[in-house]
Amino acid sequence: MNMTDTIKHHLTPEILMAYSAGTLPEAFSLIVATHVSMCDVCRAELDSYDAVGGVVMEDAVTADVSSDALSSTMKLIAASDTAPKAPRRSTGTLPSPLQDYVGGDLSAIKWKPLGMGVKQVILSTSKAATARLLYIPAGAAVPDHGHQGTEMTLVLQGAFVDEEDRFARGDVEVANEDMEHTPIADMGEDCICLAVTDAPLKFNALIPRIAQRFLRI
Amino acid sequence: MAHVGVSEFGPCTKYSVLHSHLDLTTSTTGQDKTEVNKTNKDWTAQIYAIRDAQDQAAFAELFAHFAPRVKGFLIKSGADASLAEECTQEVMATLWRKAHMFDPSRASASTWIFTIARNRKIDALRKQRRPEPEDLPWGPEAEPDQAEAIGLKQETEQLAFAIKELPEKQRILIEQAYFGDLSHSEIAEITGLPLGTIKSRIRLALERLRHAMK
Ligand SMILES: [Zn+2]
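Chains as they are written, first to last, in the working numbering: chain B, 1 to 217; chain Z, 1 to 214.
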């Protein structure tokens, strides 16, 4: 699932460092793990932040373990299955971390229609942030969904274009709440994205963007 | 457009306070390195001995060094003493089970053990699933060469030294980030870390690995 050579838009340093520290909400960890599965640039940067974590742990105040800790650990080892497992790697469209949440590849996604050919499914994560898959027909606009805070979108199939750039498979767009943009799916292929927001999701019905702007919803 | 490229550690006013100190790190002298060497043992031989020969003596050595550090890290992260003790034993058992996945060209022993401890912490303390990236290829074909592993060890030592040399206030912020006391927006203030060239070294190791397994 290595797409490193074609990816142009990457994760931010603070998101990678927070993932390394283990402090991100689950939904953001999912988008990081999915992008890193496709991108060795971000994997190398993440490994570097893990090295910082290693230094912090190495230099931290130590705590004495119980006198029988080593023998208890040897018992744990003896009781567990130590046969090496095959590497966990996807050959489908969705990288492994995402397949774990979907329960399979694209064909396993249980889409819910939102109207105008747009579909979504919300993935089950902790409540602090929301992860969902979005299906946007070729040429259609990505529906607005009234987010606050940070929204990250990772393209899994097809591509979308907005005022600034084009985002294709593996690319991540990081948007803050005051960003005004109108992404439109490429004509060539229907677009599938993983979108993560840190506020609870608001949109239920699909309202055309122009009306939404006009009404200031 | 609010996307940020990965390599944007360069001069940026927001990070400049931290950055002005970081540039000093490139001038690490030979004497300084020797000092770091004393405290940073290379544990690769012990981990390979567990992987290849289920060597319990090698494991006991690793345990004596790392178990109190893992436990200290978990307590600092908010675990009480009995939970930290239980998790530490599980982390050390995981080290044994996953010894075949240790790659000294991509991570030092302390880096690798940190990732195992962090994952256990998320599971036990935050009660969340931890989505993990896909595994990299591993196997005899992907065995790293020694020069790469030595290079990474040196990079990691320089990183440790650079962090030690930071003003105390900034060092404490980094520790807080890893003990789980900073949100990701607070972390944005300290991403100008002294990563130096460790990133590009790991990147090369990944390229070699991908190439070897084609
Ligand atoms: Zn990337």
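Rather than coming from a laboratory, the hints here were simulated on the basis of the structure. Do not take every clue at face value.
Pair ranges (Cβ atoms, derived) [what the hints assert, rightly or not]:
{"id": "1", "chain 1": "B", "residue 1": "64", "chain 2": "Z", "residue 2": "137", "range": "12 to 22 Å"}
{"id": "2", "chain 1": "Z", "residue 1": "207", "chain 2": "B", "residue 2": "92", "range": "17 to 27 Å"}
{"id": "3", "chain 1": "Z", "residue 1": "83", "chain 2": "B", "residue 2": "138", "range": "50 to 60 Å"}
{"id": "4", "chain 1": "B", "residue 1": "138", "chain 2": "Z", "residue 2": "181", "range": "42 to 52 Å"}
{"id": "5", "chain 1": "Z", "residue 1": "53", "chain 2": "B", "residue 2": "71", "range": "17 to 27 Å"}
{"id": "6", "chain 1": "Z", "residue 1": "56", "chain 2": "B", "residue 2": "87", "range": "25 to 35 Å"}
{"id": "7", "chain 1": "B", "residue 1": "79", "chain 2": "Z", "residue 2": "65", "range": "36 to 46 Å"}
{"id": "8", "chain 1": "Z", "residue 1": "147", "chain 2": "B", "residue 2": "104", "range": "39 to 49 Å"}
{"id": "9", "chain 1": "Z", "residue 1": "82", "chain 2": "B", "residue 2": "89", "range": "34 to 44 Å"}
{"id": "10", "chain 1": "Z", "residue 1": "124", "chain 2": "B", "residue 2": "85", "range": "43 to 53 Å"}
{"id": "11", "chain 1": "Z", "residue 1": "65", "chain 2": "B", "residue 2": "164", "range": "26 to 36 Å"}
Below 20 Å or equal to it, Euclidean Cα-Cα: the simulated EDC-like pairs (lysine to aspartate or glutamate) are [claimed, not checked]:
{"id": "12", "chain 1": "B", "residue 1": "8", "chain 2": "B", "residue 2": "105"}
{"id": "13", "chain 1": "B", "residue 1": "85", "chain 2": "Z", "residue 2": "61"}
{"id": "14", "chain 1": "B", "residue 1": "85", "chain 2": "Z", "residue 2": "90"}
Glycine is no exception: its CB is placed at the ideal position from the N, C-alpha and C atoms.
Right, here's what the structure says about each hint:
| no. | hint | verdict |
| --- | --- | --- |
| 1 | B:64 - Z:137: 12 to 22 Å | violated (39 Å) |
| 2 | Z:207 - B:92: 17 to 27 Å | holds (24 Å) |
| 3 | Z:83 - B:138: 50 to 60 Å | holds (51 Å) |
| 4 | B:138 - Z:181: 42 to 52 Å | holds (46 Å) |
| 5 | Z:53 - B:71: 17 to 27 Å | holds (20 Å) |
| 6 | Z:56 - B:87: 25 to 35 Å | holds (27 Å) |
| 7 | B:79 - Z:65: 36 to 46 Å | violated (24 Å) |
| 8 | Z:147 - B:104: 39 to 49 Å | holds (42 Å) |
| 9 | Z:82 - B:89: 34 to 44 Å | holds (38 Å) |
| 10 | Z:124 - B:85: 43 to 53 Å | violated (22 Å) |
| 11 | Z:65 - B:164: 26 to 36 Å | violated (50 Å) |
| 12 | B:8 - B:105 | violated (24 Å) |
| 13 | B:85 - Z:61 | violated (26 Å) |
| 14 | B:85 - Z:90 | holds (18 Å) |
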